[in-house]
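> If you want the building blocks of each chain, they are given just below.
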Amino acid sequence: MTSPAIAQPESAFFLFLRRIWGLMLRHYYLHSGSWPRLIEMLYWPIINMATWGFTSSYLVQKFTDTAIISSTLVASVILVEVLVRVCTNILMLFLEEIWSRNLGHLFASPIKFGEYVCGITVVCFVRTTVAMIPAILLAKFLFGFSLVSLGWPGAAYIGLLVFNGCWYGLLIISLLFRYGLAAEWMAWMGTWLLIPIIAPYYPVSVLPYGLQLAAHALPATYVFESLKSQITQHEILSGNLLIALGLNIVYFIGASLVLWMAYRGAQKRGGLLQVGE
Amino acid sequence: MSYALQTHELRKTFNNVAAVDSINLEIGRGSITALLGGNGAGKSTTMAMLLGLLQPTSGGITLLGRDLLKERASIAAQVNFSSPYVDLPNRLTVRQNLNVYGHLYGVPHLQNRIMELAEQLQIIPLLNRKYGTLSAGQRTRASLAKSLLNKPQLLLLDEPTASLDPDTADWVRTLLMDYRKASGATVFMASHNMYEVERMCDDVIVMKAGSIVDRGSPQKLLETYSRENLEEVFLDIARNRTA
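Keeping their order, the protein sequence lines are chains X and Y. So the first sequence is numbered by the numbering used here: it starts at 1 and just counts up by one. So the second sequence is numbered by the numbering used here: it starts at 1 and just counts up by one.
One chain only, chain X, in its complex shape (with noise of 0.2 Å):
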């Protein structure tokens, strides 16, 4: 046997970089090694793509004058996905957590809460990026629209629902810290619910008043807003997109807030040992 004490003299932020590179490698091993989390990873989105863009397709050979809503539409179906993504990403890779009750050992290592919530996010980007870029050559394949047709708005639109997907994600592992396994479901309802609000495919303005109100309180309409201006009348709303960054960082803090206190709730009950049903 060996003696203890041997931690060499690394410095802090090394340490925090290993641990946030033993995370990346957890999830790396859990994929690597699982073609059907492969194939799920990459499916949806592709999916979506296709329907989408077959759909919008069919109405360009249908009717005239609908070149336009068919690139909207395309474009708003990949930018959907990247927000849907995000957010199921984040849920799927706490999930993974909880379904091998892993949950104990990791938060028994020196890995802070901050830690963890940055190498998941880190993840995420990883899962996300690698997730889209088919459905996205499909798209240019398929349907002749390239999110590069966009140009620095596109990059814009992509960096604010990344940000939107992010903190809705932490606010649906909330749940999941506060109640388990048993709000699995709402969690999975979750990643799709602001999708009907924030008016990716039409104008806010033809949902009921209560939902237009709640449409102008996310970033993600704001986002919508410019693009379809963009495509539809040449004109980017840069103004939209400040306020869908101010929301974000708003609610980023927000979200990290409610998943500190869920985090510190399920220490309270046992809930780190024992996240069931």
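Some hints could be false.
Distance condition first, Cα-Cα at most 30 Å in a straight line; then the derived BS3-like pairs of lysine-lysine [what the hints assert, rightly or not]:
1) Y:220 / Y:181
2) Y:208 / Y:70
3) X:112 / Y:70
4) Y:208 / X:268
5) Y:70 / X:268
6) X:112 / X:268
7) Y:220 / Y:208
8) X:112 / Y:130
9) X:62 / X:140
Beyond 10 Å from chain X on every Cβ pair, some chain Y residues (computed) [to be verified]:
10) 3
11) 133
12) 163
13) 167
14) 194
15) 208
16) 209
17) 219
If you are wondering where the hints come from, they were derived from the structure by calculation, not from laboratory data. Heads up, the beta-carbon is just placed ideally off N, CA and C, and yes, glycines get one too.
With chain X fixed as given, assemble chain Y onto it according to the hints.
Frame of chain X, contents of chain Y only:
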């Protein structure tokens, strides 16, 4: 005296029922201490609080001289645990699990450490097998490897030889005692195996209904209760027979 583990009036209630009722522990460095008690005595709740997984209702915990409630992350680097009731990810191989936890614990020269432990715990043939495919005994050894990865100064064990055949269980006990001897580490374990406790432990703490009802070396408890083995002592306490 320097203690590896101290609790001060540690209390945990669930719905106003005390699972752990104001216990005071002082565990000396380098000792092997057993926490005994029947089901619902409060052992698991105490362990969970010592791991920082459960927040006490009141009271304090000092591990390795530092306040757990304030410095959990830095203390956790010098502590580790193993429990048959907390799994490692089933879909990862044993090596992958050790890799992940090695990074989380900041273990230097990780690959060397994994091979060193794999040899000691005789799990080299298991390294590339998925954790979920292992037998209960193999899981226990893999989990022990994870718990020794960071060469912990304080090792918390929940039934370390549960599910092991007598030969493997004996071998694990020897390994743990050797680890303590070589490293000076402190081992604090919950166990239902009285033979194990008699053989391994310097000190025994007996809990009942959330409180500590007796404490002493195995020999002292045998003398106090005029019994020949700890199982009889345990039954005396569980059935309210006085010493």
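> Compare the structure with each hint and give your call.
Hint check:
Under the criterion of a C-alpha separation no larger than 30 Å, the hint pairing residue 220 of chain Y with residue 181 of chain Y is consistent with the structure, at around 22 Å. In summary, the hint linking residue 208 of chain Y to residue 70 of chain Y is supported, as the alpha carbons are separated by about 29 Å, within the 30 Å threshold. The suggested pairing of residue 112 of chain X with residue 70 of chain Y holds, with an alpha-carbon distance near 12 Å, which does not exceed 30 Å. The hinted pair formed by residue 208 of chain Y and residue 268 of chain X meets the criterion: a straight-line CA distance of about 22 Å does not exceed 30 Å.
Of the supplied pair hints, the one linking residue 70 of chain Y and residue 268 of chain X holds, its CA atoms being roughly 16 Å apart against a limit of 30 Å. Only pairs whose Cα atoms come within 30 Å are accepted, and residue 112 of chain X paired with residue 268 of chain X is accepted, the gap being roughly 17 Å. In summary, the hint linking residue 220 of chain Y to residue 208 of chain Y is supported, as the alpha carbons are separated by about 19 Å, within the 30 Å threshold. Taking the CA atoms of residue 112 of chain X and residue 130 of chain Y, the gap is near 27 Å; set against the 30 Å cutoff, the hint holds.
Taking the CA atoms of residue 62 of chain X and residue 140 of chain X, the gap is near 21 Å; set against the 30 Å cutoff, the hint holds. Every CB of chain X is more than 10 Å from the CB of residue 3 of chain Y (nearest about 17 Å), matching its label as outside the interface. Against the 10 Å criterion, residue 133 of chain Y stays outside the reach of chain X, whose nearest CB is about 12 Å from its own CB. Here residue 163 of chain Y stays apart from chain X, with its beta-carbon at least about 16 Å from theirs, past the 10 Å limit.
Non-interface call for residue 167 of chain Y relative to chain X: holds, since the shortest CB-CB distance, roughly 21 Å, exceeds 10 Å. For residue 194 of chain Y, the non-interface assignment is confirmed: its Cβ lies about 26 Å from the closest Cβ of chain X, beyond the 10 Å cut-off. The non-interface label for residue 208 of chain Y is consistent with chain X: the shortest C-beta to C-beta separation is roughly 20 Å, beyond 10 Å. Residue placement check: residue 209 of chain Y keeps its beta carbon more than 10 Å from all beta carbons of chain X (closest about 18 Å).
For residue 219 of chain Y, the condition that its CB be more than 10 Å from all CB atoms of chain X holds, with the nearest at approximately 26 Å.
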